[in-house]
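Given the sequences, and given the hints that come with them, work out the whole structure.
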Amino acid sequence: MTSPALAPPALALDDSTVARLPEAVRTPTYDRRSLAPAVVHFGVGGFHRAHQAVYLDDLAELGDTGWGLTGVGLRSPQMGEVLAAQDGLFVVVERTVEEDLARVIGVMGRYLFGPEDPEAVLATLADERTRLVTLTITGTSYLIDPSTGEFEADEEITSDLEGTGQPSTTFGYLVEALDRRRAAGLPPFTVLSCDNMPNNGAAARTAVVSFARLRDQQLGDWIDEHVSFPSSMVDRITPNTSPEERDAIVADIGVADRWPVVTEPFRQWIVEDAFCNGRPPLEQVGAQLVADVAPYEQMKTRLLNGGHTALGFLGYLAGFRTTDEVIADPVYRDYLATMMAEEIVPGLADVPGIDLAAYQQTLIDRLANPRMGDQLARLCRRGSTKIPNYVLPSVRAAMEDHRSYTLLALAVAGWVRFLRGYDYAGDELPVVGPRMHLMEVARDAGTDPGPLLSEREVFGELGEHADFLAAVRTHLEALERQGPREVIAECLADLRSDRR
Numbered sequence: 151m152t153s154p155a156l157a158p159p160a161l162a163l164d165d166s167t168v169a170r171l172p173e174a175v176r177t178p179t180y181d182r183r184s185l186a187p188a189v190v191h192f193g194v195g196g197f198h199r200a201h202q203a204v205y206l207d208d209l210a211e212l213g214d215t216g217w218g219l220t221g222v223g224l225r226s227p228q229m230g231e232v233l234a235a236q237d238g239l240f241v242v243v244e245r246t247v248e249e250d251l252a253r254v255i256g257v258m259g260r261y262l263f264g265p266e267d268p269e270a271v272l273a274t275l276a277d278e279r280t281r282l283v284t285l286t287i288t289g290t291s292y293l294i295d296p297s298t299g300e301f302e303a304d305e306e307i308t309s310d311l312e313g314t315g316q317p318s319t320t321f322g323y324l325v326e327a328l329d330r331r332r333a334a335g336l337p338p339f340t341v342l343s344c345d346n347m348p349n350n351g352a353a354a355r356t357a358v359v360s361f362a363r364l365r366d367q368q369l370g371d372w373i374d375e376h377v378s379f380p381s382s383m384v385d386r387i388t389p390n391t392s393p394e395e396r397d398a399i400v401a402d403i404g405v406a407d408r409w410p411v412v413t414e415p416f417r418q419w420i421v422e423d424a425f426c427n428g429r430p431p432l433e434q435v436g437a438q439l440v441a442d443v444a445p446y447e448q449m450k451t452r453l454l455n456g457g458h459t460a461l462g463f464l465g466y467l468a469g470f471r472t473t474d475e476v477i478a479d480p481v482y483r484d485y486l487a488t489m490m491a492e493e494i495v496p497g498l499a500d501v502p503g504i505d506l507a508a509y510q511q512t513l514i515d516r517l518a519n520p521r522m523g524d525q526l527a528r529l530c531r532r533g534s535t536k537i538p539n540y541v542l543p544s545v546r547a548a549m550e551d552h553r554s555y556t557l558l559a560l561a562v563a564g565w566v567r568f569l570r571g572y573d574y575a576g577d578e579l580p581v582v583g584p585r586m587h588l589m590e591v592a593r594d595a596g597t598d599p600g601p602l603l604s605e606r607e608v609f610g611e612l613g614e615h616a617d618f619l620a621a622v623r624t625h626l627e628a629l630e631r632q633g634p635r636e637v638i639a640e641c642l643a644d645l646r647s648d649r650r
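The numbers in our numbering rise by one with no breaks, and the one at position 126 of the sequence shown is 276.
It is worth saying that the hints were derived from the structure and are not from the lab.
Please note: incorrect hints may appear among the correct ones.
To be verified - Between beta-carbon pairs, the in silico distance windows are: (1) A441 with D479: 39 to 47 Å; (2) A527 with R593: 14 to 22 Å; (3) M589 with G610: 14 to 22 Å; (4) A499 with E607: 20 to 28 Å; (5) Q525 with D214: 45 to 53 Å; (6) P431 with E395: 32 to 40 Å; (7) P337 with P580: 46 to 54 Å; (8) D165 with D479: 46 to 54 Å; (9) D551 with P337: 43 to 51 Å.
Yeah, the Cβ is synthetic: ideal placement off N, Cα and C, and Gly gets one too.
Following this line, the structure appears as structure tokens:
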């Protein structure tokens with residue numbers, strides 16, 4: 151084995167070197183010059199490069215080069231600088247329990263940075279060859295009021311509406327390009343949201359159509375009638391690549407990618423089969439094309455995201471810092487498995503084609519991967535959004551069915567305790583997210599969850615439910631007396647005793 155000191159220097163990644171990369175690195179076998187630029191993606195970050203781009207690259211590997219990708223960025227020029235130097239190539243490292251599997255993705259033919267050349271972005275979107283636009287722009291970028299479901303224009307949107315055809319926002323670009331296509335007699339492209347938010351297709355439709363109607367009522371009506379906005383559900387753990395991680399990858403695989411992506415082996419893409427200008431045959435590369443994404447979305451948000459949320463708060467309070475650490479503890483592993491099987495799954499709608507028992511085991515296995523440990527601090531962010539979106543729906547379902555929700559209520563109590571902002575030793579906790587005023591509410595109330603549960607923007611009518619309030623109070627008082635691990639163990643023991 152060659153010692154690190156004698157190892158050859160890593161090869162820079164670009165078209166001129168891709169054929170000479172180490173044999174252990176999988177490289178494109180198709181002719182990149184044959185890629186048809188049919189897909190435009192807004193928001194090229196790590197997740198997109200480890201998810202949608204990989205599916206499209208798989209299609210090209212099968213010989214279907216009709217769905218080449220153009221990336222678009224609107225915020226930071228850094229991604230464009232990296233991809234330009236690498237001719238659009240980048241490395242995805244799939245991190246299994248045993249090894250790293252490195253692969254070069256070649257499906258991105260171009261990357262455009264909107265602020266530098268907005269006309270190039272618009273020309274690409276208006277090009278007849280563009281048939282699909284995908285989005286990972288984060289849920290808050292859709293500007294949908296969660297209480298009303300309506301689009302609320304911010305300053306950037308207002309600036310675009312008052313501008314002269316050179317937009318700065320995603321929706322400004324989409325509407326201007328669709329207007330150009332309408333004027334030219336061209337069919338529209340499909341807009342496919344890949345953001346992790348409920349009913350993302352409807353959110354995308356609301357945002358685009360609302361923006362268009364603020365600009366031109368007839369244009370908005372045309373878009374609403376002719377453009378498809380399918381929903382999708384995406385899943386693949388893709389942590390940010392730190393500079394240290396990048397350097398380690400470069401040294402390990404011998405390829406000098408300036409921004410590689412690290413991800414897990416698992417990936418899932420459920421797509422509503424509703425396109426207006428043809429679609430890539432994603433079912434050939436592992437995606438599921440379905441009539442209704444809602445059951446799959448419900449499954450993922452309640453099991454994966456709900457489980458993440460529960461483990462995040464209760465695990466961090468106990469001193470754990472990564473998902474693999476917390477799931478390695480048999481008490482926490484038992485807590486997650488029992489909560490999923492007994493309190494969440496019974497409230498799920500039928501999920502066609504999914505073995506829910508196998509899915510639950512897969513979630514546990516994913517969390518247990520010690521080489522993909524996600525930071526619990528990240529899972530603890532935005533608790534006031536995650537609790538109502540990921541945990542409380544399962545509580546409501548259990549109430550409706552007159553089932554136990556003890557472990558779910560414990561997850562809520564864990565968040566309430568975490569919100570105080572200090573742990574059992576008095577050290578600061580990483581409370582991050584909207585509604586930061588709730589920290590003061592939690593601190594002032596102590597072991598009484600009533601004031602916090604009365605916050606209707608988070609709990610709605612649940613805060614008035616006496617049994618739910620009593621359950622959370624019982625757990626919160628227990629968390630005051632002893633650590634989370636002990637409280638979880640007692641809850642599990644009580645549940646098993648009740649079954650006897």
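Hint-by-hint comparison with the structure:
The hint said 39 to 47 Å for the Cβ distance between A441 and D479, and at roughly 41 Å that hint holds. Taking 14 to 22 Å as the suggested C-beta distance range, the pair A527 and R593 conforms, at roughly 20 Å. Taking 14 to 22 Å as the suggested C-beta distance range, the pair M589 and G610 conforms, at roughly 21 Å. A hinted range of 20 to 28 Å for the beta carbons of A499 and E607 is consistent with their spacing of about 26 Å.
In this structure the supplied range 45 to 53 Å is violated for Q525 paired with D214, their Cβ-Cβ distance being about 37 Å. A hinted range of 32 to 40 Å for the beta carbons of P431 and E395 is consistent with their spacing of about 34 Å. For P337 and P580, the Cβ-Cβ distance of about 48 Å falls inside the hinted range of 46 to 54 Å, so the restraint holds. With their beta carbons about 48 Å apart, D165 and D479 fall inside the hinted range of 46 to 54 Å.
At about 46 Å, the CB distance of D551 to P337 agrees with the hint of 43 to 51 Å.
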